[in-house]
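Starting from the known structure of chain A, fit chain B onto it as the hints suggest.
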Amino acid sequence: MIRLVPNHATRIKRSETVTFTFDSEPVQGHLGETLVAALMRAGHLNLREAPNDSAPRGAFCCMGLCQECAVIVDGQVVEACRTVVSADLVVERA
Amino acid sequence: MSDLNDIAVVGAGPAGGNAALVAAQSGARVVMLDEQPAPGGQVWRGKTASILLAPVTPETTAGNGLRSALSESAATHLADTRVWDILRNGDHWSLQILRNGATEQITCRSLILATGAREYVQPIPGWTTPGVIGLAGATSLFKQTLSLPGKRTVVSGTGPLVFFVASEIRRLGGEVAAVITPNTRADWARATPSMIGQPKLLARGALWMADLILARVPILWGHAVSEVEGRDHVTGIKTINLKRGVAGLSFATDSLCLGNGLIAQIEAAQMLGAAIRYDPSLGGWVPVADPDGATKVDGLYLCGDGCGIRGAAAAALQGTLAGARAARDLGFSAPSPPVRPWQRAERFGRAMTALSIPHADAHALTTQDTIVCRCESLSRRDISTEITTGATSTNAVKSGKRAGMGPCGGKYCQTAIAALIAEQTDKSTSDVPPPTPRPPLRPVPLGQAAGDFDYDDLPIPKPAPL
Numbered sequence: 001m002i003r004l005v006p007n008h009a010t011r012i013k014r015s016e017t018v019t020f021t022f023d024s025e026p027v028q029g030h031l032g033e034t035l036v037a038a039l040m041r042a043g044h045l046n047l048r049e050a051p052n053d054s055a056p057r058g059a060f061c062c063m064g065l066c067q068e069c070a071v072i073v074d075g076q077v078v079e080a081c082r083t084v085v086s087a088d089l090v091v092e093r094a
Numbered sequence: 001m002s003d004l005n006d007i008a009v010v011g012a013g014p015a016g017g018n019a020a021l022v023a024a025q026s027g028a029r030v031v032m033l034d035e036q037p038a039p040g041g042q043v044w045r046g047k048t049a050s051i052l053l054a055p056v057t058p059e060t061t062a063g064n065g066l067r068s069a070l071s072e073s074a075a076t077h078l079a080d081t082r083v084w085d086i087l088r089n090g091d092h093w094s095l096q097i098l099r100n101g102a103t104e105q106i107t108c109r110s111l112i113l114a115t116g117a118r119e120y121v122q123p124i125p126g127w128t129t130p131g132v133i134g135l136a137g138a139t140s141l142f143k144q145t146l147s148l149p150g151k152r153t154v155v156s157g158t159g160p161l162v163f164f165v166a167s168e169i170r171r172l173g174g175e176v177a178a179v180i181t182p183n184t185r186a187d188w189a190r191a192t193p194s195m196i197g198q199p200k201l202l203a204r205g206a207l208w209m210a211d212l213i214l215a216r217v218p219i220l221w222g223h224a225v226s227e228v229e230g231r232d233h234v235t236g237i238k239t240i241n242l243k244r245g246v247a248g249l250s251f252a253t254d255s256l257c258l259g260n261g262l263i264a265q266i267e268a269a270q271m272l273g274a275a276i277r278y279d280p281s282l283g284g285w286v287p288v289a290d291p292d293g294a295t296k297v298d299g300l301y302l303c304g305d306g307c308g309i310r311g312a313a314a315a316a317l318q319g320t321l322a323g324a325r326a327a328r329d330l331g332f333s334a335p336s337p338p339v340r341p342w343q344r345a346e347r348f349g350r351a352m353t354a355l356s357i358p359h360a361d362a363h364a365l366t367t368q369d370t371i372v373c374r375c376e377s378l379s380r381r382d383i384s385t386e387i388t389t390g391a392t393s394t395n396a397v398k399s400g401k402r403a404g405m406g407p408c409g410g411k412y413c414q415t416a417i418a419a420l421i422a423e424q425t426d427k428s429t430s431d432v433p434p435p436t437p438r439p440p441l442r443p444v445p446l447g448q449a450a451g452d453f454d455y456d457d458l459p460i461p462k463p464a465p466l
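Each protein sequence line maps, in turn, to chains A and B.
With my numbering applied, the first sequence corresponds to residues 1 to 94, in that order.
With my numbering applied, the second sequence corresponds to residues 1 to 466, in that order.
Excised from the complex, chain A in its bound form (with noise of 0.2 Å):
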């Protein structure tokens, strides 16, 4: 089949793989990369509660703003979509 958008998937070159874990599990992820691109590799998608109905939520906007993304790394809540990934972190749900 033509096609007019060439796939690129093979051209692009990541960095090392690094294991760290969201809610005591494992998940590989590229250093570097956002927590929220290594969780959607990974099918984390539901990453916490909405405080009101308990409905799970995961990753909205991804720039920054919704704050559907927060989990807990080194006791802060950051933004998954603004946190890097690096060995060993361990990210806990909101």
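Just so you know, these hints were derived from the structure itself, not from any lab.
Each hint should be verified, as a subset may be incorrect.
[Unchecked claim] What the simulated footprint calls covered on chain B by chain A, stretch by stretch (three residues with Cβ under 8 Å from a Cβ of chain A suffice, anywhere in the stretch; the number is not a length):
#: 1; stretch: 22-31
#: 2; stretch: 120-132
#: 3; stretch: 201-213
#: 4; stretch: 407-420
The beta-carbon is built from N, C-alpha and C at its ideal position, and this holds for glycine as well.
For chain B alone, coordinates are given in the frame of chain A:
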């Protein structure tokens, strides 16, 4: 950082970056503050350190050009910095910023706001389900990490962005289950004359569409996503034919990119006293500013999508205009760039914005049980009841129901709430302005706002004599 700057620029996208460049060239002392690790804004966002090698796109080239010019410029760039409050102090501005986990103050004589845009997403049943992300949000994933929202994605929304996102998913090796757009082919035909002036962008858009058609990706014109299925993650979506009001095809999918155009981030400008007006072809409520960014507020300049959605090309040109104007007003010698190129780019930008703004029938997609305010989990019914009991302004709904007081600060509910108020009170949308903006402009962790202090240092007044 307590030294007085001549000019502070908030935002390092095409507008802010170019404003800082031009102002610094004139000899002014310039500081540019931006939330992201590298300049580029949303549209020319830089890649994270995880990408070692990748094919170059037009956005990469434009962003790299701006980044390298700024790195050689005398302008100081404060990255990963959030501006959360701005005050007028006599003849200068004081900006409260959050950087490296602490609050600092920056002062400047003149202020250029290039705060850019955010996305409007029409609330639909299930839009809070994990796996639903914004259309512009998806582009942020692509640009930063070249990663995908899922394995098989439905892309839905208005304007050219829906085709860009679908095309990027294919370029990065993902599968597009369907493209669903409320726009009709006739909408696009009407916009074409305004696009002739930007042949490169027109050709790029045509290529995205042709590729999807060749790949036999279903494109549903005049349709919208009516419901997202799945509980803790997306499993599928339903569609509606907007003209006939009947159900369209359904698709199994693990992710949905959803968006209804961009809206200007006007809160900072509004808070500092800039007048606002309603212009749908600029994305809704926009602050009033001259083409060169000057406003009626002394020492305040605005440029880029933050004063109306005109797109990246127009933003870059207006940044240059505003940077030069602000520098000249302070007595520096800066050239007066021509306004014509900006006017040409603006024409294209307005046409794209007009395609992107939600159709009048979009609000019917928000059913009574649909969450409108994500932060407080308030449904359309909750908001409507509040309006019925007399809350006929966005401020009133905010104080009555907390819609706009949650962590996002109203960024993702106010447009929908204003539309509900307009509909229920028989007003025009142009008569329902957004609520009064209040600091913090960005969420600030309380510990960081308070900074380091010792309880013993707090001045405690002597108790009053009995």
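Outcome of the hint check:
1. Chain A is given as covering the stretch 22-31 of chain B, and this is violated because 0 residues of the stretch bring a CB closer than 8 Å to a CB of that chain, at least three being needed.
2. For a cut-off of 8 Å, the count of residues in the stretch 120-132 of chain B with a CB near a CB of chain A stands at 5, and the three-residue condition holds.
3. Three residues within the 8 Å Cβ limit are the bar, and the stretch 201-213 of chain B against chain A gives 4, so the coverage statement holds.
4. Given a C-beta distance limit of less than 8 Å, the hint that chain A covers the stretch 407-420 of chain B holds, as 4 residues qualify and 3 suffice.
In terms of the numbered hints stated before, the structure departs from hint 1 and from no other.
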